[in-house]
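Following the hints, complete the assembly by docking chain R onto the known chain S.
2 protein chains.
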Amino acid sequence: MLHGMPKDAESESPEPLFLNDFRVGQTFHSGEYLMDESRIKAFAAEFDPQPFHLDESAAQASLFRGLAASGWHTAAVTMRLLVTSGLPFANGLIGLGGEIAWPNPTRPGDTLTVDSEILEIRPSKSKPKQGIVIVRSTTRNQKRETVYVFTANILAFRRD
Amino acid sequence: MLHGMPKDAESESPEPLFLNDFRVGQTFHSGEYLMDESRIKAFAAEFDPQPFHLDESAAQASLFRGLAASGWHTAAVTMRLLVTSGLPFANGLIGLGGEIAWPNPTRPGDTLTVDSEILEIRPSKSKPKQGIVIVRSTTRNQKRETVYVFTANILAFRRD
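As they're listed, the protein sequences go chains S and R. Going by the numbering used here, the first residue of the first sequence is number 1, and it counts up by one from there. Going by the numbering used here, the first residue of the second sequence is number 1, and it counts up by one from there.
Quick caveat, the hints were computed from the structure, so don't treat them as lab data. Nothing here was measured: the structure is a model prediction, and the numbers come from that model. Take the hints with a grain of salt, since some may be wrong.
Treat identical chains as interchangeable: a pair holds within one or across any two.
Derived SDA-like pairs (lysine to any residue); straight-line CA-CA distance at most 20 Å [unchecked claim]:
id	residue 1	residue 2
1	LYS127	LEU63
2	LYS41	LEU93
3	LYS129	ARG65
4	LYS41	ASN104
5	LYS41	ILE94
6	LYS125	LEU63
7	LYS143	TYR33
8	LYS143	MET35
9	LYS125	ILE94
Same shape as in the complex, but just chain S:
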């Protein structure tokens, strides 16, 4: 599909986009990623070693009422989906920061997809060749429940 159309435009195209190609309201959709239970536990053991991410019975007794992936695992998988299919920035995805939220847990066996929308485009005043694109990426499971929202400030460059 064509990119550069306002509001309800969609693009699943792998064509890399420059600063001038983005439009507010433009949307993008990633491929899928299956959350495997053994990877959930391995990620948690390395980076978020808490019982509700590591052990089924401890997780049942916790607030999560069952094994839940570390929120950082969901965040990292979202990044993979954005890099490999979800958000074709020409110079790669270089995030400066943003806001994150985890409204629901990610569970073993969940299939995640990411929908992104361009919220704002801010050309740099001091560096004419670059700008910031503000993108809201919403990660959902197969039931279309939102498990993660990342509103990111991403660096974009003008086409030479």
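Below, chain R alone, put in the same frame as chain S:
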């Protein structure tokens, strides 16, 4: 050290803290974590497969001017430091979301530490046994450069 002292109080104590134990201005300090080059590349291959996180010469030619860890790797390592030593919440660290920023890249060989400060405490109006603690965690390398800032909304529970 005692916890619960305002402003310049410090705690490296592993003693788990409940909602009523936190005070605005209270600070916490984590242990250290060495960023290994092979783990930087493995993390990036799995979650953020971009040339500047994977390949030295591609990274030299990029905005980063040298190999840089994925920002999500820095975020995940920060979580590990908070869980294992940096932020002793009694019921574990359950984040609802927050703000993140990566002001500088993390490099192979960097040693990271995290300093946290309690910014705000919001008892829940509807659930008398719980509340939200807003914590700013600043991750620095061995040169004391800030590589990551996470201002988190973390769930806390009253002592029974």
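Each hint, compared with the structure:
1. Proximity of LYS127 to LEU63 under the C-alpha cut-off of 20 Å is restricted to the inter-copy arrangement: shortest distance 14 Å between copies versus 47 Å within a copy.
2. When the C-alpha separation of LYS41 and LEU93 is checked against a cutoff of 20 Å, the pair qualifies only between copies, where the shortest distance is 16 Å, while the shortest distance within a copy is 27 Å.
3. For the homomeric pair LYS129 and ARG65, the shortest alpha-carbon distance between copies (18 Å) is at most 20 Å, but the shortest distance inside one copy (50 Å) is not.
4. Proximity of LYS41 to ASN104 under the C-alpha cut-off of 20 Å is restricted to the intra-copy arrangement: shortest distance 18 Å within a copy versus 30 Å between copies.
5. Taking CA atoms no more than 20 Å apart as the test, LYS41 paired with ILE94 passes between copies only; the shortest distance there is 17 Å, against 28 Å inside one copy.
6. In this assembly of identical chains, LYS125 and LEU63 lie within 20 Å of each other by CA distance solely across copies; the values are 19 Å between and 47 Å within a copy.
7. When the C-alpha separation of LYS143 and TYR33 is checked against a cutoff of 20 Å, the pair qualifies only within one copy, where the shortest distance is 14 Å, while the shortest distance between copies is 37 Å.
8. Proximity of LYS143 to MET35 under the C-alpha cut-off of 20 Å is restricted to the intra-copy arrangement: shortest distance 14 Å within a copy versus 37 Å between copies.
9. For a Cα distance limit of 20 Å, the shortest separation of LYS125 from ILE94 inside one copy, 19 Å, qualifies, whereas the shortest one across copies, 39 Å, does not.
When each numbered hint is compared with the structure, no violation occurs for any of them.
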